[in-house]
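J.: The primary structure of each chain is shown beneath.
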Amino acid sequence: SQKIEQNSEALNIQEGKTATLTCNYTNYSPAYLQWYRQDPGRGPVFLLLIRENEKEKRKERLKVTFDTTLKQSLFHITASQPADSATYLCALGDTGNNRKLIWGLGTSLAVNP
Amino acid sequence: NAGVTQTPKFQVLKTGQSMTLQCAQDMNHNSMYWYRQDPGMGLRLIYYSASEGTTDKGEVPNGYNVSRLNKREFSLRLESAAPSQTSVYFCASRADGGSYGYTFGSGTRLTVV
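Those protein sequences? They're chains C and A, same order as listed. Each residue of the first sequence is one higher than the one before, counting from 1 in the working numbering. Each residue of the second sequence is one higher than the one before, counting from 114 in the working numbering.
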């Protein structure tokens, strides 16, 4: 069955460092991958979308890579700040049935001042 | 700029009671979704609506019904609540085209006792 794995353990980093979160998947060939941020008690907030034919995408301090050979996406936050502390979710979709995203469980990130 | 609005934010039901969760979006999106989020299970799709007048089952539709009242509103109904339906429910919408992420509401925390 289709499966997404994200770092199950919380990630703790020092302010100013780069946070790197991983999203691995199996038994799936997604057309695109999305990253979301979720704060406690709130709904997920869309951050970035990267397509299967794109290797890398950037938005301000965020960078996403997508390696369809390794079946992996890396999500980087450079110059991290305490305000970046949240849970980050990855989700996969395909062009044929993109109403049904497959979601990871998320990785909790804590940026310490 | 409200985005996706969900009501109520919190609800406690007794087993067997019914209720309707309301969702409205003001972004003129065709696609709308209902998800539930449970610890260790991630986001699971209950129902979705690709356009006004159409609805389709998602991954976990049993025990739920939906109504796409118009383009703005998509409601979720629990006819006879069960403790297994204790969860956080999120409504989301998405613009057409392959470059857009989902916009989520702030969620409804439902407890069935």
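Note that these hints are calculated values from the structure, not bench results. Every residue gets a Cβ at the ideal spot worked out from N, C-alpha and C, and that includes glycine. Hints are supplied without guarantee of correctness; some may be wrong.
In silico contact screen, one side only, chain A against chain C (beta carbon under 8 Å); selected entries [as the list claims (entries may be wrong)]:
#1 Leu156
#2 Thr167
#3 Gly171
#4 Leu191
#5 Ala195
#6 Thr199
#7 Phe203
#8 Gly214
#9 Tyr215
#10 Thr216
#11 Phe217
#12 Gly218
#13 Gly220
Pulled from the structure, derived: some chain A residues nowhere near chain C, Cβ distances all over 10 Å [unchecked claim]:
#14 Ala137
#15 Arg181
#16 Ser188
#17 Arg190
Straight-line C-alpha distance at most 25 Å; calculated SDA-like pairs for lysine to any residue [said to hold, decoys possible]:
#18 C:Lys100 <-> C:Ala31
#19 C:Lys59 <-> A:His142
#20 C:Lys100 <-> A:Gly129
#21 A:Lys170 <-> C:Lys59
#22 A:Lys122 <-> C:Ala31
#23 C:Lys3 <-> A:His142
J.: Run every hint past the structure and note whether it holds.
T.: Do the hints match the structure? See the list:
1. With its C-beta approaching chain C no nearer than about 4 Å, Leu156 (chain A) sits inside the 8 Å limit, and its interface hint holds.
2. Contact between Thr167 (chain A) and chain C, as hinted, is not supported at the beta carbon level, the nearest pair being about 11 Å apart and thus beyond 8 Å.
3. With its C-beta approaching chain C no nearer than about 7 Å, Gly171 (chain A) sits inside the 8 Å limit, and its interface hint holds.
4. Among the interface hints, the one on Leu191 (chain A) is violated; its C-beta lies about 19 Å from the nearest C-beta in chain C, farther than the 8 Å criterion.
5. Hint status for Ala195 (chain A) relative to chain C: violated, with the closest Cβ pair at about 23 Å, above 8 Å.
6. Checking Thr199 (chain A) against chain C by beta carbon gives a least distance of about 16 Å; that is not within 8 Å, so the hint is violated.
7. Hint status for Phe203 (chain A): holds, given a least beta-carbon distance of 5 Å to chain C, under 8 Å.
8. Checking Gly214 (chain A) against chain C by beta carbon gives a least distance of about 3 Å; that is within 8 Å, so the hint holds.
9. Using the Cβ-Cβ criterion of 8 Å, the hint placing Tyr215 (chain A) at the interface with chain C is satisfied: the shortest such distance is roughly 6 Å.
10. For Thr216 (chain A), the interface hint holds, since its Cβ comes within 8 Å of a Cβ in chain C; the closest pair sits about 7 Å apart.
11. With a cut of 8 Å, the hint placing Phe217 (chain A) at the interface with chain C holds, because the nearest CB-to-CB distance is about 3 Å.
12. A distance limit of 8 Å between C-beta atoms decides the matter here; for Gly218 (chain A) the minimum to chain C is near 5 Å, and the interface restraint holds.
13. Because the smallest distance between the Cβ of Gly220 (chain A) and any Cβ of chain C comes to about 5 Å, under 8 Å, the interface hint for this residue holds.
14. Every beta carbon of chain C lies more than 10 Å from that of Ala137 (chain A), the smallest distance being close to 14 Å; the non-interface claim holds.
15. Non-interface status of Arg181 (chain A) relative to chain C is upheld: no Cβ of that chain comes within 10 Å, the nearest being about 13 Å off.
16. Listed as outside the interface, Ser188 (chain A) is consistent with that label: its C-beta sits roughly 17 Å from the nearest C-beta of chain C, beyond the 10 Å cut-off.
17. For Arg190 (chain A), the non-interface assignment is confirmed: its Cβ lies about 20 Å from the closest Cβ of chain C, beyond the 10 Å cut-off.
18. Between Lys100 (chain C) and Ala31 (chain C) the CA atoms are separated by roughly 12 Å; this keeps the pair inside 25 Å, and the hint holds.
19. Taking the CA atoms of Lys59 (chain C) and His142 (chain A), the gap is near 24 Å; set against the 25 Å cutoff, the hint holds.
20. At most 25 Å may separate the alpha-carbon atoms for a hinted pair to count; Lys100 (chain C) and Gly129 (chain A) exceed this at roughly 30 Å.
21. Under the criterion of a C-alpha separation no larger than 25 Å, the hint pairing Lys170 (chain A) with Lys59 (chain C) is inconsistent with the structure, at around 34 Å.
22. Proximity of Lys122 (chain A) to Ala31 (chain C) is assessed by CA-CA distance (about 34 Å); at most 25 Å being required, the pair is judged violated.
23. With a C-alpha separation of about 29 Å, the suggested pairing of Lys3 (chain C) with His142 (chain A) is violated against the 25 Å cut-off.
Of the numbered hints stated above, those contradicted by the structure are hints 2, 4, 5, 6, 20, 21, 22 and 23, listed in ascending order.
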